[in-house]
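K.L.:
All chains, please: the whole structure from these sequences, using the hints.
Protein chains in written order, with my numbering: chain A, 1 to 430; chain B, 1 to 430; chain C, 1 to 430; chain D, 1 to 430.
If a hint is listed, it holds; no wrong ones were tucked in.
In silico contact screen, one side only, chain D against chain C (beta carbon under 7 Å); selected entries:
(1) LYS15
(2) ASP16
(3) PRO17
(4) GLN39
(5) PHE54
(6) HIS55
(7) GLY56
(8) GLU58
(9) HIS59
(10) GLY185
(11) SER287
(12) MET290
(13) PHE291
(14) ASN313
(15) ARG314
In silico BS3-like cross-links for lysine-lysine, where the CA-CA straight-line distance does not exceed 25 Å:
(16) B:LYS404 <-> A:LYS12
(17) B:LYS425 <-> A:LYS9
(18) C:LYS9 <-> B:LYS210
(19) D:LYS12 <-> C:LYS404
(20) B:LYS12 <-> A:LYS404
(21) D:LYS404 <-> B:LYS381
(22) D:LYS12 <-> A:LYS210
(23) B:LYS210 <-> D:LYS404
(24) C:LYS12 <-> D:LYS318
(25) A:LYS12 <-> D:LYS210
(26) C:LYS9 <-> D:LYS425
(27) B:LYS425 <-> A:LYS12
(28) D:LYS318 <-> C:LYS36
(29) D:LYS12 <-> C:LYS425
(30) C:LYS210 <-> C:LYS381
(31) A:LYS262 <-> B:LYS283
(32) A:LYS262 <-> B:LYS36
No wet-lab data here; the hints were simulated from the structure.
Bear in mind the structure is a predicted one, so any value in this text is a computation, not a measurement.
Ideal Cβ positions, reconstructed from N, Cα and C, are used throughout, including at glycine.
There are 4 protein chains.
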Amino acid sequence: MSNGNRQLKEEKVFKDPVHRYIHVRDELIWDLIGTKEVQRLRRIRQLGTTFLTFHGAEHTRFNHSLGVYEIMRRIIDVFADRPHWNDRDRLLCLAAAVLHDVGHGPFSHSFEKVFGSDHEEWTRQIVLGDTEVNEVLRRMGDHFPQEVSDVIEKTHSNKLVVSMISSQIDADRMDYLQRDAFYTGVSYGHFDMERILRVMRPTEDQAVIKYTGMHAIEDYIMSRYQMYWQVYFHPVTRSAEVILSKVLRRVQHLYESNYQFKLYPSHFTGFFDGSISLEQYLKVDESVVMFYFQMWQDEEDPILQDLCQRFMNRRLFKYVEFDQHFIMNQWNDLQELFRQADIDPDYYLVIDFSSDLPYDFYRPGEEEERVPIHLLRPDGKLRELSRESELVEAISGKKRTDQKVYFPQDLLETPGHEQEKQRIKEILLG
Amino acid sequence: MSNGNRQLKEEKVFKDPVHRYIHVRDELIWDLIGTKEVQRLRRIRQLGTTFLTFHGAEHTRFNHSLGVYEIMRRIIDVFADRPHWNDRDRLLCLAAAVLHDVGHGPFSHSFEKVFGSDHEEWTRQIVLGDTEVNEVLRRMGDHFPQEVSDVIEKTHSNKLVVSMISSQIDADRMDYLQRDAFYTGVSYGHFDMERILRVMRPTEDQAVIKYTGMHAIEDYIMSRYQMYWQVYFHPVTRSAEVILSKVLRRVQHLYESNYQFKLYPSHFTGFFDGSISLEQYLKVDESVVMFYFQMWQDEEDPILQDLCQRFMNRRLFKYVEFDQHFIMNQWNDLQELFRQADIDPDYYLVIDFSSDLPYDFYRPGEEEERVPIHLLRPDGKLRELSRESELVEAISGKKRTDQKVYFPQDLLETPGHEQEKQRIKEILLG
Amino acid sequence: MSNGNRQLKEEKVFKDPVHRYIHVRDELIWDLIGTKEVQRLRRIRQLGTTFLTFHGAEHTRFNHSLGVYEIMRRIIDVFADRPHWNDRDRLLCLAAAVLHDVGHGPFSHSFEKVFGSDHEEWTRQIVLGDTEVNEVLRRMGDHFPQEVSDVIEKTHSNKLVVSMISSQIDADRMDYLQRDAFYTGVSYGHFDMERILRVMRPTEDQAVIKYTGMHAIEDYIMSRYQMYWQVYFHPVTRSAEVILSKVLRRVQHLYESNYQFKLYPSHFTGFFDGSISLEQYLKVDESVVMFYFQMWQDEEDPILQDLCQRFMNRRLFKYVEFDQHFIMNQWNDLQELFRQADIDPDYYLVIDFSSDLPYDFYRPGEEEERVPIHLLRPDGKLRELSRESELVEAISGKKRTDQKVYFPQDLLETPGHEQEKQRIKEILLG
Amino acid sequence: MSNGNRQLKEEKVFKDPVHRYIHVRDELIWDLIGTKEVQRLRRIRQLGTTFLTFHGAEHTRFNHSLGVYEIMRRIIDVFADRPHWNDRDRLLCLAAAVLHDVGHGPFSHSFEKVFGSDHEEWTRQIVLGDTEVNEVLRRMGDHFPQEVSDVIEKTHSNKLVVSMISSQIDADRMDYLQRDAFYTGVSYGHFDMERILRVMRPTEDQAVIKYTGMHAIEDYIMSRYQMYWQVYFHPVTRSAEVILSKVLRRVQHLYESNYQFKLYPSHFTGFFDGSISLEQYLKVDESVVMFYFQMWQDEEDPILQDLCQRFMNRRLFKYVEFDQHFIMNQWNDLQELFRQADIDPDYYLVIDFSSDLPYDFYRPGEEEERVPIHLLRPDGKLRELSRESELVEAISGKKRTDQKVYFPQDLLETPGHEQEKQRIKEILLG
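P.N.:
Rendered as structure tokens:
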């Protein structure tokens with residue numbers, strides 16, 4: 001490997017409200033952060049539509065990516081000179097940390113659900129393709145981009161390195177929990193990261209935790225548990241996401257129906273048919289999406305217009321809990337009533353399952369699951385966390401599914417079709 | 001006055017990372033916050049281009065407006081039942097707090113400087129014009145919008161109420177200092193607001209501070225002092241602002257030169273000739289600006305293209321300090337050298353004065369200045385703060401002007417015109 | 001009831017690092033705090049010997065008592081004007097909060113274990129006896145001291161009031177968790193008290209929690225869980241407590257054996273035979289105990305001297321875990337070996353069970369247990385917390401007993417009886 | 001130098017609420033902390049009588065000494081490998097940090113004022129005399145205790161090392177400001193230590209601050225300024241100190257008058273005539289003082305009894321401001337009136353000057369002053385802080401003297417000598 005990295009003449013520092021300072025000493029990292037693909041993450045919010053629930057949550061993926069980098073840097077400081085750790089992997093880890101989310105687009109969750117877009121695939125393309133990121137990485141040797149990509153995709157042969165960015169307790173999770181807690185302002189999400197870093201140890205296969213750190217880890221798992229229920233699965237956030245998804249579906253439908261747009265969805269067409277190129281993809285950030293939504297408030301199509309107005313002005317759908325039984329028995333009736341009331345149920349009557357959401361608080365051993373946390377006992381043996389901690393055992397693997405129906409209550413209060421609307425309200429609101 | 005306000009059935013609460021919780025009990029306030037003009041503030045950053053210096057500073061004016069409201073609410077709680085305070089003014093104060101920044105557009109400082117746009121005028125129009133905000137306010141009586149407008153414009157006859165939102169220590173400043181410190185992550189900007197609120201007292205003319213609170217006020221003034229130099233006047237932020245302003249000027253120039261845009265600046269033309277309507281103005285948020293900048297990276301015009309790429313990818317101008325003497329003697333030479341090197345000095349050689357910036361840390365008694373802070377002595381007399389506090393006296397009125405030249409250092413390293421570029425570097429970098 | 005309370009002319013404020021400010025408006029409360037019995041709590045640490053483990057934990061019961069008062073005051077603010085709350089009980093609650101720990105003596109846990117002293121009995125005597133506290137309370141009527149005493153003893157007929165100071169989520173626990181976390185510096189012990197207070201509601205029988213507050217309560221229960229294992233049951237603290245208890249036992253033994261003390265234990269003799277009067281009891285604070293221990297470092301008796309030196313200079317016993325099986329089989333042998341090695345096992349070989357410790361994290365429904373937490377559902381029904389929360393259910397009732405043997409390892413390294421000492425080490429250290 | 005230090009097998013960690021963790025890797029340091037002379041600091045409060053003003057301020061000098069050690073450790077981490085820093089001085093710095101306050105006795109300020117005791121002299125004796133501290137230090141070579149003593153006394157030839165523990169911005173001050181702010185709960189005292197450490201640089205003569213750190217230093221100076229006026233000079237603390245001093249004076253007077261004590265002041269007699277030995281000195285901690293005060297509440301002498309009761313039960317003297325003029329004219333009259341009213345003015349009428357207090361916020365260049373702060377400019381030149389910072393210049397050297405008269409207002413309300421008492425009140429209270 002040619003050494004394409006130099007130390008910066010003077011350490012660069014970012015002020016960060018979560019980690020206080022983010023320290024960069026390697027030119028490679030500094031230049032990666034300066035690439036336009038990474039700078040683009042400034043225009044993609046970390047938590048999608050959550051800012052409509054928690055107004056503080058306006059932070060971006062750029063913000064988070066720097067945080068993951070900083071935690072990774074601190075983990076490596078702890079690992080230095082310990083068995084199983086090879087300092088040649090340092091830049092690989094740091095670069096993977098900076099880039100792990102680089103393929104995310106605007107409102108990723110919705111775009112992926114509606115269009116089948118895959119941010120991991122885009123990450124790979126950005127790392128391996130004709131990009132500024134790739135150009136910077138290649139300074140470390142031609143194979144380096146592939147290595148970084150393998151680490152992010154969890155296929156790299158060095159399992160220890162992979163675990164540092166993708167496991168149940170990795171730099172990624174430790175940053176986002178703290179960062180999301182900080183920006184939303186909730187009181188959860190705090191744990192003693194300083195202590196966790198001090199008890200983290202490299203092994204051949206993964207980073208593990210010294211047994212004496214078990215309480216700190218329990219606290220971290222509890223933070224995750226609380227963050228998921230308080231922030232990530234928040235029903236208002238999901239309501240905004242439902243509307244966003246429906247806008248995207250409506251636009252695709254209109255496009256496919258040859259509707260005459262006032263503002264043609266040129267940034268979206270590649271998503272509709274899957275033909276989108278990397279260059280095009282990189283141009284679609286949240287400003288772009290918001291611009292279209294802003295403009296589409298004036299489209300002729302009443303559904304597109306209405307949904308965009310709802311999203312821009314935060315006039316969200318109401319939600320109610322429901323159970324399986326309900327769906328079986330009343331769903332068809334309800335859809336029919338919506339139709340009779342002139343409210344298109346394809347856009348205005350939506351079921352949403354929390355279990356669809358891409359978060360897990362801790363499920364050891366499930367298929368395709370991330371590496372579970374192992375405790376390192378004084379005798380050198382490893383034990384999976386939930387076997388040692390009653391607390392973690394108690395909550396792991398329990399899938400608390402939460403099912404909600406979302407619908408526009410305001411439309412049920414407008415004149416016309418009062419009888420059907422009354423019936424709908426009886427069913428949904430009891 | 002018809003009482004157009006009702007108490008909400010249940011108090012609504014926003015989670016706020018700065019004030020922990022923001023409490024809303026009045027339907028009027030709840031509905032104001034829900035108007036599309038206020039929701040639009042979610043798409044306008046509180047600190048303009050500062051996010052390019054402090055990546056945490058991605059917070060919006062919506063965020064800040066809620067904070068000012070909350071502080072106002074707490075001040076009113078302290079004032080309740082005290083002489084000079086009339087509880088009928090409560091909603092007037094709260095509404096003014098929510099709306100005090102509602103006229104701001106995207107990157108206000110730059111837009112105002114380049115186009116002479118005036119956010120105060122827009123605020124007036126939003127409050128008094130045909131808007132959702134006006135509709136909500138009018139529930140309190142036809143004169144209510146005018147009253148709110150007068151408070152925000154500092155022309156209302158109730159000087160006490162005006163001082164609560166516009167003085168040297170008002171709800172606005174107390175929120176933004178804490179909020180901007182929180183999001184940037186700097187260690188300054190903290191002061192003991194709880195104590196300040198406890199020692200604030202209404203008088204006929206203004207809110208004043210009990211003498212025993214002088215130390216807390218000193219601390220607040222010091223926070224301002226530090227925030228201005230550390231955050232608000234940060235040269236990197238100003239560098240981004242310089243570029244932004246130059247983009248706007250270039251677009252106007254191209255427009256006036258009948259340049260054939262790939263993406264026509266339809267959202268901007270009203271700014272160019274001052275013909276912009278309220279409806280048009282309200283559509284221009286930061287997403288819109290960012291969308292254009294995104295697209296203009298591919299314009300033919302090399303200056304527009306370059307400046308937009310710089311702004312989007314954070315390739316900012318370098319800056320150096322200089323003194324008056326320098327300008328007198330070398331400025332013309334320097335401009336000429338730029339021209340000879342084929343770098344248009346109108347866009348690439350910029351002087352910027354901190355004293356242009358719309359902040360003051362504390363200047364009692366200047367013309368058109370905000371009401372200075374008065375201390376209420378035990379004997380009932382008022383004393384202006386800087387006469388009692390050595391600390392404040394020491395820093396008040398001192399205008400530390402900071403003058404910098406901004407220019408693209410990278411362009412001086414490119415091939416061609418090496419001699420002129422060398423000479424430029426000698427002048428600017430010594 | 002004669003109204004013996006007046007409002008203070010001006011509110012008094014204590015600066016408190018945990019609650020920021022403690023507000024006193026009632027002369028009755030102000031005067032209670034000023035009594036010598038309450039001031040005496042300044043000389044009794046909140047956490048006994050914990051300062052030898054966590055050097056920050058030097059805070060006193062005075063400190064905590066003010067904190068409980070402040071939380072109680074805030075709960076009452078939330079309850080004001082709600083059904084089931086009667087504002088006449090306000091001062092009763094506040095006085096009980098100030099006084100709930102007033103009977104504690106120095107190192108209560110050890111004194112109670114060794115001498116059978118009972119701080120609750122002393123609290124009753126202080127409240128009802130010839131004290132400054134009683135004199136202040138009687139201003140509210142002759143029955144008022146008895147009412148306060150009944151509230152503290154949980155026998156008062158007003159169950160709501162009792163629950164505010166003694167239940168699974170009362171002002172006492174909410175203060176000590178936060179305060180002990182603050183002073184020890186551990187990262188646990190934090191929870192969103194502001195939110196808990198907002199969702200607390202009075203009912204006829206007890207204070208309950210609105211259902212929407214369940215997550216905040218879970219977080220509070222987790223904090224307790226972590227604090228018990230990280231702080232309250234810390235083995236080093238218990239080691240210091242073991243030594244302290246052994247000093248007390250040795251002094252009593254020497255006293256009963258007519259040992260000629262250089263410094264006669266005049267402050268202790270009343271404890272030995274249970275004859276101690278209230279006046280005498282109130283003179284024994286931690287300064288007094290420390291004074292004797294200081295002096296007894298120079299006593300002739302080698303055990304008393306040694307144990308006092310250990311306590312003063314923090315030369316604590318070592319500890320090892322052991323199991324029941326071990327005790328049955330080896331305990332007698334071990335005691336015999338200690339004797340043979342000339343180390344008195346009555347003082348230097350100690351078993352300690354965490355289950356002896358006066359803490360519970362959450363055990364609903366046990367005998368003599370505090371009122372469990374009830375959630376108030378939207379339909380008005382109450383549900384016990386552990387039936388609604390999987391998290392709480394998972395940890396409630398699980399008694400994690402922790403048994404340790406404490407002994408002075410250093411004495412096993414001294415010359416003489418090497419063979420026995422070697423054998424002891426084999427048994428204890430494996 | 002023989003290397004008497006070994007690395008601990010495993011790093012030891014103290015949990016600290018101010019610095020989060022205190023890390024010890026050197027056996028020398030670990031053993032120093034374990035000496036009885038250092039452990040004794042657990043029984044001496046950091047802020048003397050301040051706990052009677054700020055109830056949170058119960059922290060000890062032990063607590064602070066660990067903090068200074070930790071900051072020193074971090075400074076050394078920053079200095080490592082830089083010019084002018086020699087890593088052989090590491091343990092010298094760390095040992096001096098642990099020991100810098102080891103000579104302090106109980107309520108040092110009062111004892112020093114009344115008895116002329118000198119904690120610096122005691123520190124020297126503890127470091128150089130027959131103590132556990134000395135024994136541990138001598139492991140590093142026979143000269144090592146003398147070196148440590150020289151550093152603490154500021155006479156060591158290595159000025160850089162001296163400046164790290166004794167200058168205007170040293171480990172000592174940085175710890176106490178933060179720690180005292182933390183425990184009192186005031187909002188001042190915070191500054192960005194992490195940043196200050198990052199910009200600190202060793203030079204031949206002293207530790208200096210990179211120019212870019214000027215704002216952080218300004219903030220630190222402001223913190224000191226606020227802490228002095230808000231905490232260190234607090235009049236209630238001084239009132240308690242006045243009483244404490246008067247108790248000491250009274251005891252000495254009684255002793256010299258052959259008064260028959262119920263509890264003879266055996267721990268104090270060495271102070272009276274200056275004959276106290278090191279061994280005796282080390283036995284007098286705050287528990288001992290409090291024990292005597294406790295007992296002396298029952299002495300026959302009415303002044304001793306009264307003053308002790310005041311101190312124990314916090315019945316402090318009232319204070320009023322006065323000016324020089326007042327003293328000249330009325331002091332004699334006032335003393336006479338006190339005598340006529342049967343209140344001994346020697347004990348009950350006290351003037352106190354803040355300028356007597358051992359604190360300076362920043363006075364560069366005064367005689368015997370600590371090394372002022374120097375900024376290191378980019379050109380390598382040093383500039384004294386107050387010449388660069390308007391803020392610091394504004395407050396430096398300004399001696400805000402604050403003079404108060406302390407007296408027992410309650411005694412002026414008792415029956416007898418009403419006329420004289422009335423006259424006294426007129427003079428003092430106006």
